Amino acid sequence: MSEQTVRLMAFDVDGVFTDGTLYYGVDGDALKAFNILDGLGLKLLQKAGIQTAIITGRQSPLVERRFSELGVDFVIQGREDKGQALQHLANELALEKKDIGYMGDDFPDLTTLDVAGFFASVPNAPLRVQEAASFVTIKTGGHGAVRELCDFILETQGFDALALYRGDSV
Numbered sequence: 002m003s004e005q006t007v008r009l010m011a012f013d014v015d016g017v018f019t020d021g022t023l024y025y026g027v028d029g030d031a032l033k034a035f036n037i038l039d040g041l042g043l044k045l046l047q048k049a050g051i052q053t054a055i056i057t058g059r060q061s062p063l064v065e066r067r068f069s070e071l072g073v074d075f076v077i078q079g080r081e082d083k084g085q086a087l088q089h090l091a092n093e094l095a096l097e098k099k100d101i102g103y104m105g106d107d108f109p110d111l112t113t114l115d116v117a118g119f120f121a122s123v124p125n126a127p128l129r130v131q132e133a134a135s136f137v138t139i140k141t142g143g144h145g146a147v148r149e150l151c152d153f154i155l156e157t158q159g160f161d162a163l164a165l166y167r168g169d170s171v
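Each residue of the sequence shown is one higher than the one before, counting from 2 in our numbering.
Since the hints were derived computationally from the structure, they do not count as laboratory data.
All clues stand as given, with none of them false.
Keeping only pairs whose Cα atoms sit at most 27 Å apart, straight-line, the calculated BS3-like set for lysine-lysine is:
#1 K48 <-> K99
#2 K33 <-> K44
#3 K44 <-> K140
#4 K99 <-> K44
#5 K140 <-> K33
#6 K44 <-> K98
#7 K48 <-> K140
#8 K48 <-> K98
#9 K99 <-> K140
Bear in mind the structure is a predicted one, so any value in this text is a computation, not a measurement.
Please model the complete structure; the sequences and the hints are all you need to start from.
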């Protein structure tokens with residue numbers, strides 16, 4: 002990642018922001034648990050001027066709510082071909098491959114490899130997904146993996162995460 006600067010960081014949801022478990026209530030409502038550390042990681046990326054995006058194959062009002070609360074720039078749901086969705090976003094923002102990062106945990110996320118110059122994953126992803134990744138977190142999805150990646154990106158790009166959080170000039 003040393004030769005590139007991520008200007009847009011996109012993420013899958015299930016298995017990345019969550020542990021991949023789906024909980025269903027008696028009325029059929031799906032529930033998701035999000036880690037608060039991951040949310041702050043997104044806010045720190047945003048403070049550093051890095052745009053954020055969610056690209057998920059599922060459709061969920063919980064995803065819309067959580068990522069709206071966090072001020073995520075682009076929330077794209079119901080897209081099975083994540084690579085096409087990311088390419089469309091890259092074209093819209095006039096970004097090159099070297100400007101784009103993506104974090105995913107399963108085979109559908111591999112379609113982003115032609116679009117994103119930086120691909121990250123989690124240690125509980127299938128081996129072939131981990132092998133495709135430039136960076137694999139130590140923490141698992143839903144347990145701080147996104148925050149770990151955000152801290153890595155910030156440090157690699159010369160930002161001090163604590164200074165960003167405090168609002169110090171960086």
